[in-house]
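K.L.:
Below, each chain spelled out in residue letters.
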Amino acid sequence: MNRRTPWWVELLVHAALLLAVVFALYPVLWVLTLALSPSGTPSPHAIPWPESVSLDNFRAVALQHDAAGRWLFGRQLFNSVFVAVATAVTSVALATPAAYAIARMRFAGDRTGMRVLLATQMFPGVATAVPLYVILDTLKLLDTRAGLVLVYATTALPFAMFQLRGAFEAIPRELEEAAMVDGATRWQAFIKVVLPAARPAIAVTALFAFMSAWNEFILAATFLSHEEAFTLPVALQRYVGEHDADWGRFAAGAIVVSVPVMAVFYAVQRHLVGGLTAGSVKG
Amino acid sequence: MTGRLCRALGLALFLAAPSVSAQHLTLWHAYRGAEQTALDQVLDAWRRAHPTATLDVLAVPFEAYASKLESAIPHDHGPDVFLDAHERLASYRALGLVTPVARAAEPTFSAVAARFDDTAVRALTAAGDLYAFPLSVKCVALFYNPALWTDPAPPATLESIEALRPRLGSETYPLVYESQGAYFHAPLLHAYGGAMLDDAGRYTFVGPAAERSLQRVIAMTRGNIIPDEASGALVAQLFATGHAATAISGPWLAADLGSSVSFRVAPLPALADADGRRMEPYATVEGAFVSSHTRDAAAAIALAESLTEVPAAVVRARVGRQVVATRDAWTADPELARDPVLSVFREAAAHARPMPTHPHMRAVFEPARQAILKALRGDRSPRVALEEGLHRFTDVTRPLPRRRDATLALLLLGMFALGVVLNALRGLRDPVFRRDLRRSLPAYAWVTHAAVTLLLLVVVPLVIGAVTSLYATREGHSYYVGLANYLDILTARGGPLLATGSFYRVLLVTVLWTVANITLHVSIGVALALLLSRPLLRLKALYRVLLIIPWAVPSYVTALAWRGMFHRQFGAVNALLTALGGEPVSWFARFSTAFAANVTTNVWLGFPFMMVVTIGALAGIPKDLYEAAAVDGATAWQQFWKVTVPMLRPAMGPSVAMGAVWTFNQFNVVFLVSGGEPDGETDILVSEAYRWAFTRQAQYGYASAYAVLIFLILLLVTRRRSPEAIP
Amino acid sequence: MAAVTLRGIRKTLGANLILRGIDLALTDGEFAVLVGPSGCGKSTLLRTVAGLEEPDAGSILLGDRDVTRAPPRDRDIAMVFQSYALYPHLTVRDNLAFGLKLRRVDPKEIAARVSEVARMLTIEALLDRFPREMSGGQRQRVAMGRAVVRRPQLFLFDEPLSNLDAALRAQVRVEIKRLHASLGATMLYVTHDQVEAMTLADRLVVLRAGAIEQEGPPLEVYQRPASRFVAGFLGSPAMNFFTGAVDATARFADAKGLRVPIDPARFDALPPGHPVVIGVRPHDVIPDPDGAIDLHVEVVEPMGFEAYAHGTVGDVPFVARLEGGAALPRPGERLPLRVQAAAVHLFDPTTERSLDAGRS
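Residue numbers (the numbering used here), protein chains in the order written: chain A, 1 to 283; chain B, 284 to 1010; chain C, 1011 to 1370.
Derived by calculation from the structure, the hints in this document are not laboratory data.
Even glycine gets a Cβ: it sits at the ideal position worked out from N, Cα and C.
Worth double-checking, as some hints may not be accurate.
On the chain C side, residues computed to face chain A include the following (Cβ under 10 Å) [what the hints assert, rightly or not]:
hint : residue
1    : G1061
2    : R1085
3    : K1111
For the chain B half of the interface with chain A, some residues (derived, Cβ under 7 Å), not all of them [claimed, not checked]:
hint : residue
4    : A347
5    : A355
6    : L737
7    : V741
8    : I747
9    : I832
10   : L998
Can you build the whole structure from these sequences, using the hints too?
P.N.:
Pasting the structure below:
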């Protein structure tokens, strides 16, 4: 079956892939150029290459201090990392047992529950931001990292549960049964056997939760009222306001925000194919 | 197990305990740049003078400022003192957000008022009481570059500026200003005797004066007197680099220019063709307001007032380049009175027209901006563009539906709840159900924590959101109106069914948007996955990593970057077009190109997901199927359609359905790339809902009705198409 | 080691009755094989004994302890799964030690038992490998090792050989038998393969549609099947069946194309003309020019030491086993066959039970 393909077919394949890569990288390079250009205004060139390189924009973004002399960027970076990691941990911790139960146990209300879960994905967030604000306020969690984590984690929960349910269904039932016969309780079998077997899918699910929290800014801007409580995206948004757009700083900030996600993404990407399809192949 | 989880959660909450306690003064502002620096200096001085007090300062992005104040103050999360413009006063008063800083009845009132310029005090006074200490007066003036305007006297008329055209190079403009903005257009309109809004809150940007003002701008654009669609950043850049002889802008431009270019300032010129009347700008008075929810009103008032004391005012004037409203500051520091910029602005402000304070003023800017844009682009004649603007304004400010009695709804709700309870009770008596329930108990231990959090933070907000759709809300007031919001939406608010902004038109755009995106996502994703799944392909891993990159970039970064790339003058896309010998395109001027820009961005954002899903699905197709097909004589093309496609379909179905739902509600791209341009034509349902909630006088009820309709549409479509497709 | 007693085990899944009241008693150290076609409920029965399924009614006793409602971990049993179910993230060593660690056995003791079992099953070289790095046969041995190392009261096997190729299967079969001999443990083994069933079992339990069709020592079940179903299920190639009747002398049974003698010791009460289903195993026929079975040969399969002749008798398909060395018939030929009375089985056409007076 694996006959050698003619050279021109090979060439066409590479040409097509290269075209796609150019399409994929062009905006990234454009932002990079902007961030490295000292002028900070977009230059009307087709080829994204800085005329002169300067790290001023990065310096301006990274060394930002507030009036009281606190290192704002550091705090905001910490907030972002904390919120994103806590969101990933919380949503995975909440989703795994529930998704396991849905995958393995039959119980009254399981189908209805899944339908409701699915339905929540269709309701646009616009209409829930204000009620969420009121709820967080009641829980005294407004303007806190914990409140933000809670909201992000629950928002990420339905998708995490779909993902993980598919992954758990793909794990042979016999594995847990063997563990239970070997002397494990259901919970032990879950912790010691099912979870390790589902590691790739859990990594991918955690990545998505991490990304959704790392990238979110509308709710963060609504719920947070203190500059040192801001996450990076909220801070970033300020660079391109209606009245004065500082594209250079925005681009530098964008790169600072994107690089960690891309790094995590790169680390998890070999699981991506398997982790995603375990959830979606199951009909 | 739940115990362990609870402990973990408790720990998380403990670690993230409220980062700031509330026992001190908080001040909010929307300043940037030099003004922020000046304010920080003033506040530092205040802190030194009040060592026992703590003061928290938050710089809120201007775009979010008002809505944040409106939501935070009633919930006691707002500031004690906030700096804002006088034109918000009426609506803040209506919402009960502010408290007077000096009452007319108080004996000291006249002494307080006498400290400030008259216009400033008038603008911040309502019902006799002073609601904020006036900080500064802002209006625009004419900046001119003495190297290009060589006459020692400042330009006296607009016509004299226009006359510069032949003497300047084609790269240099006689005048720059944000021509499409209603705020910057107002001086021209006023010169022709028009107004944006009358005292009763009626939209008056129609009629002969408005048309004349528009024709004047069109003529200046066509004559290359002013650049097309200049943003604030472009104005600053062109003037700073000597590519504009004059610019209309505010004191902030002076602060930003610094010493990069030599400039002088003059009041706005007169219009010879308007009988020599001066261009009359809007004046905005900024004041330090005190929140009605402050815990310590006296301290808050003292803090607000301290910002206007002479030393503070001098700092704000010298460092922040503000035209301060404190009279004595101008005499206390002789340099201020001599300052060639500030003194001119102070003079200009004295002759400016205070911005109307009617709450409807907030609804003027967007329709007016759209009208100017349409006329400038030549899509509509000035008359039609202006009438459409009026229509849009009426649409947004239309009278709310009348209040309805909620008894019937409550009765129905009660009966429904009773039915549910009775049904549940009957079910509990059923032995089969009881057995099922008993068997379910162990499983509930695994799902309860997730179910409870979901219920609390997903389902409850959703239900509240849905219930809100039965209320009319605007600017913080709300009352029950039954289904009137839906009726309004589904009848296209009485206009033609397919008019711009009507539900059906937006729905059509949304469907088109979803179909176009999903088609491209899937076909590009599948094509790339097929190429990447070739067994002998070299550099496969590298290609894959590079092609996944768009997925890893935060979507708002993507959206804003693409918006920049589609910029008419600086965008890379137009640069590419020009390099290939094409004409630059004004991407957001027309539905087709703006829509294409949105779709391009979203395709860039979404194809890696489909690609990865397809790679996974392709790996699941047994090789021998292809071998069997090959033995049966199928060509590669036939193999694709007869083997690959049918095998991919079940594997990808759920992902495609999920992708379609997400695309249907893809807010970021539409909102950030085209922003609905031109004139809301590229808005999809969800961004339209957002506009009603956050940019059209906080009509949450109306926005919620949109959200519920979106929800119902998606539910209906996904149910019909694939009952169990998504899990 | 313990005796196992099942009393009236019933189980429904949804609307389907899977087990219709199973009574079974295994003595201590017995090797019992549950056999039957797929869907007969044998796996469900095994899983019920393991505690992975809860019966709707009935009780399960291990020794004299009622474990009907006990979770698997409290039953002190070990199970070998069809898919082996090795923990993919653990090495062989950790797979073997898993159950012992859960029971908090002393680590030194665990190490000793793991190496002992590894020696016994000759998997010492594999101890540090992961399951994905081993062949099917190796995994199978590890799966058995994981059961053995626990020293349980009862071993359960759920079709443990069905994923192996034929040669390996025969080899492991012998090994299981040896294991049983050396451990002396009670074992319950599920298979659909009648060769495994015959070779391994002390006691063969044939299940059909959720009920026990026949149980007993394997040879007895083979030689004196209680029903047409059991007769047809055991033996390969399968028994040949004919619908016929007892002849006028009551000493023969006739069907179209054949006439077989009736063993009076087993079928003495059958009156002439009694309708019967005649069963003759392929192995029990002998070529004989005077034979009363008239085989019309269509296909001959020479296997070396033996050969199978496929064809029809009357118009019913028939298989006969022939000596491999003899001159084989050619397709199209007629081959008369003889059968001894002792090898003739008679079944009631309606109940399909054996008409053997000594049975049923």
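K.L.:
Taking the least C-beta to C-beta distance, is K1111(C) closer than 10 Å to chain A?
P.N.:
Since chain A brings a Cβ to about 9 Å from K1111(C), closer than 10 Å, the hint holds.
K.L.:
Just to be careful: measuring from the Cβ of I747(B) to every Cβ in chain A, is the smallest value less than 7 Å?
P.N.:
Hint on I747(B): holds, closest Cβ of chain A at ~4 Å, below 7 Å.
K.L.:
Against chain A, is I832(B) within 7 Å by beta-carbon distance?
P.N.:
Result: holds, 6 Å to nearest chain A Cβ.
K.L.:
G1061(C) was flagged as interface toward chain A. Is the shortest Cβ-Cβ separation under 10 Å?
P.N.:
Constraint on G1061(C) satisfied, holds at 8 Å.
K.L.:
Using the nearest Cβ pair, does L737(B) come within less than 7 Å of chain A?
P.N.:
Holds: closest Cβ of chain A sits about 6 Å from L737(B), inside 7 Å.
K.L.:
Let me know if the C-beta of A355(B) comes in closer than 7 Å to any C-beta of chain A, holds or violated.
P.N.:
The hint holds - A355(B) has a Cβ within 7 Å of chain A, the shortest such distance being about 6 Å.
K.L.:
So, as I understand it, the hint says L998(B) touches chain A; can you test that by seeing if any CB pair is closer than 7 Å?
P.N.:
Result: holds, 6 Å to nearest chain A Cβ.
K.L.:
Against chain A, is R1085(C) within 10 Å by beta-carbon distance?
P.N.:
holds (8 Å)
K.L.:
Holds or violated: is the Cβ of V741(B) closer than 7 Å to a Cβ in chain A?
P.N.:
holds (5 Å)
K.L.:
Let me know if the C-beta of A347(B) comes in closer than 7 Å to any C-beta of chain A, holds or violated.
P.N.:
holds (6 Å)
Every hint, counting from the list given before, is met by this structure.
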